[in-house]
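*Asks:* In case you want the letters, here they are:
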Amino acid sequence: KAGVTQTPRYLIKTRGQQVTLSCSPISGHRSVSWYQQTPGQGLQFLFEYFSETQRNKGNFPGRFSGRQFSNSRSEMNVSTLELGDSALYLCASSPGLAGGAQFFGPGTRLTVL
Amino acid sequence: GDSVTQMEGPVTLSEEAFLTINCTYTATGYPSLFWYVQYPGEGLQLLLKATKADDKGSNKGFEATYRKETTSFHLEKGSVQVSDSAVYFCALPGTYKYIFGTGTRLKVLA
Numbered sequence: 001k002a003g004v005t006q007t008p009r010y011l012i013k014t015r016g017q018q019v020t021l022s023c024s025p026i027s028g029h030r031s032v033s034w035y036q037q038t039p040g041q042g043l044q045f046l047f048e049y050f051s052e053t054q055r056n057k058g059n060f061p062g063r064f065s066g067r068q069f070s071n072s073r074s075e076m077n078v079s080t081l082e083l084g085d086s087a088l089y090l091c092a093s094s095p096g097l098a099g100g101a102q103f104f105g106p107g108t109r110l111t112v113l
Numbered sequence: 001g002d003s004v005t006q007m008e009g010p011v012t013l014s015e016e017a018f019l020t021i022n023c024t025y026t027a028t029g030y031p032s033l034f035w036y037v038q039y040p041g042e043g044l045q046l047l048l049k050a051t052k053a054d055d056k057g058s059n060k061g062f063e064a065t066y067r068k069e070t071t072s073f074h075l076e077k078g079s080v081q082v083s084d085s086a087v088y089f090c091a092l093p094g095t096y097k098y099i100f101g102t103g104t105r106l107k108v109l110a
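First to last, the sequence lines map onto chains A and B. Just so it is clear: in the first sequence, position 9 is 9 by the working numbering, and no numbers are missing. Just so it is clear: in the second sequence, position 90 is 90 by the working numbering, and no numbers are missing.
None of these hints come from the bench; they were simulated from the model. It is possible that part of the hints are untrue.
Cβ-to-Cβ under 7 Å is the rule here; a few derived chain A residues that face chain B [what the hints assert, rightly or not]: (1) 39; (2) 42; (3) 43; (4) 45; (5) 56; (6) 90; (7) 96; (8) 99; (9) 101; (10) 104; (11) 107.
No more than 30 Å apart at the CA atoms, straight line, and that leaves these computed lysine-lysine pairs for DSS-like [to be verified]: (12) 107(B) to 77(B); (13) 13(A) to 57(A); (14) 57(A) to 107(B); (15) 49(B) to 57(A); (16) 60(B) to 77(B); (17) 1(A) to 52(B); (18) 56(B) to 77(B); (19) 57(A) to 1(A); (20) 1(A) to 97(B); (21) 97(B) to 52(B); (22) 97(B) to 49(B); (23) 68(B) to 97(B); (24) 57(A) to 97(B); (25) 68(B) to 56(B); (26) 52(B) to 77(B); (27) 49(B) to 60(B); (28) 49(B) to 77(B); (29) 68(B) to 52(B); (30) 49(B) to 107(B); (31) 60(B) to 1(A); (32) 97(B) to 77(B); (33) 97(B) to 56(B); (34) 1(A) to 68(B); (35) 52(B) to 57(A).
For glycine and all other residues, C-beta sits at the position ideal for the given N, C-alpha and C.
Take the sequences, apply the hints, and build the full model.
*Replies:* Here it is as structure tokens:
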């Protein structure tokens, strides 16, 4: 099976712009979670989607949003970018919500100038 | 609430040294426990898991035993290699979200 794919891998934006990141989960996986990883804050949970519904959301401002499509692919959007949004954004998929392992993509490295 | 605490890094070892990375947890019930590894420039990869008390997860020479009495899941390897240099995360599926430790950076010197 192909692994989790994320596009683009690298992105450079300027403050105030908005960005959309994409994640394709492993075939058959219905749960997709997003994380922000920075050197200072570590790995922080953004949100989780299951069957096109947001199940849980982390403590991030409303500028961060996401969605999941019927084929389980997911996108996250960050509007009005700030310098502090520079991070590695990781997507992880799992078959369901039963508390099993998560499978991560390589991440999208976002740099905000 | 659910939480994971793992030892601070970085940990620097010589090749063939013994490795222990401590992880303790607080959880409702008895969830599965996981170790993930992140190599430079990559996402996290599942390294091993244990699904119930006294289970031992193992992979690539790494081992960890699910200890209910001490609420621990320490990662061990008998002889590390330079290629093991990475960041290691202990994790559990919490009630509302996956809980990850802060990560422990391991550097192995030749």
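*Asks:* Holds or violated: are the alpha carbons of residue 49(B) and residue 77(B) at most 30 Å from each other?
*Replies:* 15 Å, holds
*Asks:* For the pair supplied as a hint, residue 1(A) and residue 97(B), confirm whether the alpha-carbon distance does not exceed 30 Å.
*Replies:* 25 Å, holds
*Asks:* Are residue 39(A) and chain B close enough, Cβ to Cβ, to be under 7 Å, as the hint says?
*Replies:* 10 Å, violated
*Asks:* Check the hint pairing residue 57(A) with residue 97(B) against an upper bound of 30 Å on the C-alpha distance.
*Replies:* 8 Å, holds
*Asks:* With a cut-off of 30 Å on the C-alpha distance, tell me whether residue 60(B) and residue 1(A) pass.
*Replies:* The given pair, whose Cα atoms are some 21 Å apart, holds under the 30 Å limit.
*Asks:* Between residue 49(B) and residue 57(A), is the straight-line Cα distance small enough, at 30 Å or below?
*Replies:* 25 Å, holds
*Asks:* Does the alpha-carbon distance linking residue 52(B) and residue 77(B) stay inside the 30 Å limit?
*Replies:* 21 Å, holds
*Asks:* Residue 97(B) and residue 56(B): Cα distance at most 30 Å?
*Replies:* Within the cut-off at roughly 24 Å; holds.
*Asks:* Does residue 43(A) pass the interface check with chain B, least Cβ-Cβ distance below 7 Å?
*Replies:* At 5 Å from the nearest chain B Cβ, residue 43(A) passes the 7 Å test, so the hint holds.
*Asks:* Checking one constraint from the list: CA of residue 56(B) to CA of residue 77(B), max 30 Å. Satisfied?
*Replies:* Roughly 13 Å between the alpha carbons, so the hint for residue 56(B) and residue 77(B) holds.
*Asks:* Does residue 45(A) pass the interface hint, meaning its C-beta sits closer than 7 Å to a C-beta of chain B?
*Replies:* 5 Å, holds
*Asks:* Do the alpha carbons of residue 97(B) and residue 49(B) lie within 30 Å of each other, as the hint requires?
*Replies:* 17 Å, holds
In summary, the numbered hints that this structure violates are 1, 7, 14 and 34.
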